[in-house]
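Protein chains in written order, with our numbering: chain B, 1 to 689; chain V, 1 to 689.
None of these hints come from the bench; they were simulated from the model.
Heads up, a few of these hints could be off.
Which copy? The list can't say, so a pair holds if one copy fits it or any two copies do.
Below are the BS3-like pairs computed for lysine-lysine, each with C-alpha atoms no more than 30 Å apart in a straight line [unchecked claim]:
#, residue 1, residue 2
1, Lys-23, Lys-391
2, Lys-37, Lys-419
3, Lys-94, Lys-55
4, Lys-620, Lys-55
5, Lys-583, Lys-627
6, Lys-26, Lys-339
7, Lys-497, Lys-332
8, Lys-639, Lys-627
9, Lys-627, Lys-534
10, Lys-530, Lys-453
11, Lys-37, Lys-391
12, Lys-627, Lys-322
13, Lys-320, Lys-219
14, Lys-391, Lys-26
15, Lys-400, Lys-468
16, Lys-679, Lys-175
17, Lys-55, Lys-334
18, Lys-37, Lys-534
19, Lys-24, Lys-363
Number of protein chains: 2
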Amino acid sequence: MSKKSLENLFAPASIAIVGASNKKGKVGTVITDNILKLGYRGQVYLVNPSYKLLKLKKCYSSLSLIEKDVDVAIIAVPAKFVVGVIRESARKIKNFVVISAGFSEIGQEGEKLEKELQELSNTHGLNILGPNCLGFIVPGLKLNASFAGGMPEVGNIAFISQSGALAVALMDKAKQENLSFSNIVSVGNKMQLAESELLEYFANDNQTKVIGMYLEGIKDGQKFIETARRVSRIKPVVILKAGKTEKAQLAISSHTGALAGSDEIMDIAFEKSGIIRADDLEEFFDLLMFISFVDAPKNNKVSVITNAGGAGVLTTDAFKDKEVVLADFSKKIKEEIKKSLPPESSVENPIDLLGDAAADRYKAALDVLRDKNIGTHICVLTPQQQTPVEKITETIIENKKNSANVLMTIFIGGDRIRKSLADLKENFIPNFGNPDSAVRVLDKYYKWNVFKKNKQKSEKPGINIVRKKEVSSIIAGAFEEKRSALYFSEAAIVMKKYGITPVESLELLPGKNISETGQYPVVLKVDSDKVLHKSDKQALVLNIKNFSELEVAVQRLQKDFPMERLIIQPMNGKFAELILGIKRDEIFGPVIVYGLGGIYTEVFKMVNFMIPPMSKERIKTEILQSKISFLFQGVRSQKSADIDEFVNIVHGLMDFALENEDVREFDINPLFINTDGQKSVAVDIKIIL
Amino acid sequence: MSKKSLENLFAPASIAIVGASNKKGKVGTVITDNILKLGYRGQVYLVNPSYKLLKLKKCYSSLSLIEKDVDVAIIAVPAKFVVGVIRESARKIKNFVVISAGFSEIGQEGEKLEKELQELSNTHGLNILGPNCLGFIVPGLKLNASFAGGMPEVGNIAFISQSGALAVALMDKAKQENLSFSNIVSVGNKMQLAESELLEYFANDNQTKVIGMYLEGIKDGQKFIETARRVSRIKPVVILKAGKTEKAQLAISSHTGALAGSDEIMDIAFEKSGIIRADDLEEFFDLLMFISFVDAPKNNKVSVITNAGGAGVLTTDAFKDKEVVLADFSKKIKEEIKKSLPPESSVENPIDLLGDAAADRYKAALDVLRDKNIGTHICVLTPQQQTPVEKITETIIENKKNSANVLMTIFIGGDRIRKSLADLKENFIPNFGNPDSAVRVLDKYYKWNVFKKNKQKSEKPGINIVRKKEVSSIIAGAFEEKRSALYFSEAAIVMKKYGITPVESLELLPGKNISETGQYPVVLKVDSDKVLHKSDKQALVLNIKNFSELEVAVQRLQKDFPMERLIIQPMNGKFAELILGIKRDEIFGPVIVYGLGGIYTEVFKMVNFMIPPMSKERIKTEILQSKISFLFQGVRSQKSADIDEFVNIVHGLMDFALENEDVREFDINPLFINTDGQKSVAVDIKIIL
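All chains, full assembly: derive it from the sequences and hints.
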């Protein structure tokens, strides 16, 4: 979907409204009024067979009777008529907004209708927004092609919402917060125009500085990551993703039919894509306001200037576990600031101007700090008896004009700061009543900017056609034998192809006799798709120390599992046991899962996720930030395991996951890793078809 | 400190103002005006040797010249005069508010003055608020005995602040949020009246429903826990505790000289005391408002009623990891609600009334749910085109009158909901613009109510004088030999007294020969206060399998550590290794630390804290909720360790910690615990003096 094709949709020279009306309370009436009365200067055609004349304009009985070009048709007729209306005009009109509800969100019957609509769209190369949506609004064109009321201010926020009601609520709130928009789009069922297509369009829209999305589901996870990653290098994308809990996932499916994925994997996907995730609705508003108002800070250093010690302490607290930090002031800076402040004031960061501070002290501190390579200045104020709130506000606004740094405020109070809050907003200085919110939002914006600036290696997967074929034939062999899992020996061959070393292993077919292996201790296991949880079924014998013990063990397992093959493996020394697997996420496809093995996997819930493809460099960075990083760093006197070897194993596994979509379940458990220069080995490999 | 003694301070019949003035900008002038002009009906005496007549009243040259009784004297003269002023009248006047700054917060010289003040207070049995404080305000008496302006509304919040500026900011904000107060107290340096004394007073104050505190430090941790625990069973105590980060701790010490403790231990102390901790300033305001407005929910079930699917999903998300839960509606309830709603609406929880909902649908749902044993109802609203916001608000307000449940709202919007927000506030219906804040605050209030209702066993420590003497004499013996640590054999005797079993151990004095022990494998260690980190110094030999290996090991260690005694211990089998220790917290005194031993202690940072004394019952509950609970529950096929045995060990350790305040550092590392019926044993015991 290129920008070109959506430009006609969102910046149309002409619009037709199918279902235009003048009956009070009808959706068609609201849309007609919104388009005709709010200042849109393009051509408007009304379509409704019940009228000849409507709102003093000619009313067409069908779309096909309009003689001129129509860029967009807005459809607000009952669902059962929608496909017919579009089919009739699909040769001439390429952009449709389907307001009508009654599609996939209502169940089977609606799903059928939506499928027809999709096929029609594919056949004729249409752009269809919706169905079951509110429409869209472009304040710059004074175009309200929706059934929400009013016209927001023209600005730089593109807001895309999967909930019409939230879009309306945001517009209402926006007025009071001085938020302004390049576009507001309600996506409804996202049949065709979903998050990826819209991200792509707004990435190239010059009016848009920040893209904000409220999402309940994501349509095509892999495409979404790929697109969002690219777009996030151009401009910030802020997403409020609902559906964190299972209960919420039920509520969603009854309401838009979206498929919500595991929230932890969602986090990983967002992080990979450089998306700024809002934790809640309030933070979503805060982030949009903040990014709309100011550019990202040029570094992570922050100065805090306050007239209240307590508020300064709370602001300092807010930096806990953040990447933005309180700047350390040099002796010179402190001396310079000290000159203009009373002796009892503190020139450490936060700078405490004292309770009787007037505007001059704020000015003095800001002036000294202006060119000191500090990316952000936060002015904190509480309205004390003698505080000239508005004078101080003027000073801060004045300072902003001469500064390339981020300037933000934390004014805490009520009536006494009301006027100043309005003045700050008008001058695009973000204010927060809560220190924690201020620093959290700044931190997220800063991290996005780091993502944007970091050059990242390509993450193209290393798909290998020959290898893929070879593996397919091994899998086909198992299928022929009606097995649902590979034998260890087969899995071992497969793993080697991806650079993963299986443990040495000796096979013993059913009924065969064992001969001396020479090397002890060993482990004896049943190797079968019917015995996947070996220890639960007593299908393995550990720590066999000599041949006679081995003979006893073989006899016992051959008696208990007469039809199965057995394998003999050495008991390896090890430094640590890991677990490595592939989970198929319903939204994002294959996800690599890794963590500590043994009881610790379940006890500490210490598994980590990665979404392939990823460069080796990136895999390494993530592992070193993961919960098992300690294995590769050496704790106290412990040696550390080889990180590069483990990166190669994970990278191989990613290729395997992407090449072999038939594999339903996969894990290596345990993978033994060592610190003594020996190779890591996959001791048990489960490949389930 | 009984209620009686502070009643004269906070509800005085007469007040003297020392430093009363009419010079503009002076603190004494502001206080005089506040007391004279805002409606206080008690007797007021002005004291200032510079005036005969002031504000048309007689002005005394000293406190001692006032003929009548004076309940409180407010002191606003320079620090150096304060002690003199109080001394002169201390026989007659018992309550003082020292506004003056220049005491411990400015360093050594001020500390000296504050000490004099404290001594004076002790001698004469005075109550002194401050020094370095803003004063206090009692709206019910129209008494503003502070230099903050204005008079807040009369209400049920007692607000105690260690920051004067934050108190002022809260008062300003309070007006717009309809918050009202029983008392506002600025505590300044908390020389004498600190958090515990004020908690005690407000616990018994009938006007006060909720006590809110902004604290930067806590004066006497053990007294605080004891008091707060008791008060929290009477009414909720909400605390915003600043100083989470090290940087913040610096900022505090430069500003009020308070000692901030480790934030994690603060959390434990608050939890133990039933205190509701606010995470940030916004939540602090939210909690005060919420508790001021409504009583705690009678159970954890919540219903959500919404006119916007998206807002319903966000509200559902907010319940993640909370103790309050979305109620499961019975079939009967669903059918009843369904009757009054259109067929497309959802009667699962959240109940989706659909975007065109008018007041009747809200009413229908609320009516059905009223007597259904659901503690809380949340009405969610976004102002859609056809939403009659004010009508719906009226319905909600009407419903509150007939309901004993918590009724709260989440209205999301701007201009269109403004009037309704004011109406809700006026009717004490708490509204939140952010679903997550709403549920978080509800959850905290609910948990407090559970704490309040739970009968808890006494947590008196089992101090044993005889045992204490015996241990003291062992410690004295070590001191005489100029050792800073006990030998293992001594530590073992001490531990047995507290019910903790040390591992069997054989001592070998310096230069002595070893004779056959009979039992292998064993461990050989150096036992010395000079070798505390044995593995770092190669002062132990593990896994000694026979006598000849033992002889070699003894030779080596005797050569390397010729002056030290050695000990021989069996290599025990074990299920898990724990670490158990005592940390002396600067605020709360001895804190028990326990967690997984070995490399896991540091890797997973999985230590837990408990503050003694605690009942065995409570210790058990906490361990079963801790990060090592899995050891006592059995994971998969693993057996579990004996929880009661471990509880006894921890309880013994608590007695030890409380009885032996001389012990500077203590830990058992490792403590081996077993699943096979064998006793847990303390393998290494470090008692440092």
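Tested hints:
1. In this assembly of identical chains, Lys-23 and Lys-391 lie within 30 Å of each other by CA distance solely across copies; the values are 24 Å between and 53 Å within a copy.
2. Proximity of Lys-37 to Lys-419 under the C-alpha cut-off of 30 Å is restricted to the inter-copy arrangement: shortest distance 27 Å between copies versus 33 Å within a copy.
3. In this assembly of identical chains, Lys-94 and Lys-55 lie within 30 Å of each other by CA distance solely inside one copy; the values are 26 Å within and 82 Å between copies.
4. For the homomeric pair Lys-620 and Lys-55, neither the shortest alpha-carbon distance inside one copy (65 Å) nor that between copies (76 Å) is at most 30 Å.
5. For the identical chains of this complex, Lys-583 and Lys-627 are neighbours both inside a copy (19 Å) and across copies (27 Å), given an alpha-carbon limit of 30 Å.
6. For a Cα distance limit of 30 Å, the shortest separation of Lys-26 from Lys-339 across copies, 25 Å, qualifies, whereas the shortest one inside one copy, 68 Å, does not.
7. Taking the shortest alpha-carbon separations for Lys-497 and Lys-332, neither the intra-copy value of 62 Å nor the inter-copy value of 60 Å comes in at or below 30 Å.
8. Taking CA atoms no more than 30 Å apart as the test, Lys-639 paired with Lys-627 passes in both settings, with 17 Å inside one copy and 26 Å between copies.
9. Taking the closest pair of Cα atoms, Lys-627 and Lys-534 come within 30 Å of each other both inside a single copy (27 Å) and across two copies (28 Å).
10. Taking the shortest Cα distances, Lys-530 and Lys-453 never come within 30 Å of each other, neither inside one copy (51 Å) nor across copies (53 Å).
11. Proximity of Lys-37 to Lys-391 under the C-alpha cut-off of 30 Å is restricted to the inter-copy arrangement: shortest distance 28 Å between copies versus 42 Å within a copy.
12. Proximity of Lys-627 to Lys-322 under the C-alpha cut-off of 30 Å is found in both arrangements, the shortest distances being 18 Å within a copy and 25 Å between copies.
13. When the C-alpha separation of Lys-320 and Lys-219 is checked against a cutoff of 30 Å, the pair qualifies only between copies, where the shortest distance is 24 Å, while the shortest distance within a copy is 36 Å.
14. In this assembly of identical chains, the alpha carbons of Lys-391 and Lys-26 lie at most 30 Å apart only when taken from different copies (21 Å versus 51 Å within one copy).
15. When the C-alpha separation of Lys-400 and Lys-468 is checked against a cutoff of 30 Å, the pair qualifies neither within a copy, at 59 Å, nor between copies, at 67 Å.
16. For the homomeric pair Lys-679 and Lys-175, neither the shortest alpha-carbon distance inside one copy (63 Å) nor that between copies (69 Å) is at most 30 Å.
17. In the homo-oligomer, the alpha carbons of Lys-55 and Lys-334 never lie at most 30 Å apart, since the shortest distance is 69 Å inside one protomer and 44 Å across protomers.
18. For the homomeric pair Lys-37 and Lys-534, neither the shortest alpha-carbon distance inside one copy (73 Å) nor that between copies (84 Å) is at most 30 Å.
19. For the homomeric pair Lys-24 and Lys-363, the shortest alpha-carbon distance between copies (25 Å) is at most 30 Å, but the shortest distance inside one copy (57 Å) is not.
The structure is inconsistent with the numbered hints 4, 7, 10, 15, 16, 17, 18, although it conforms to all the rest.
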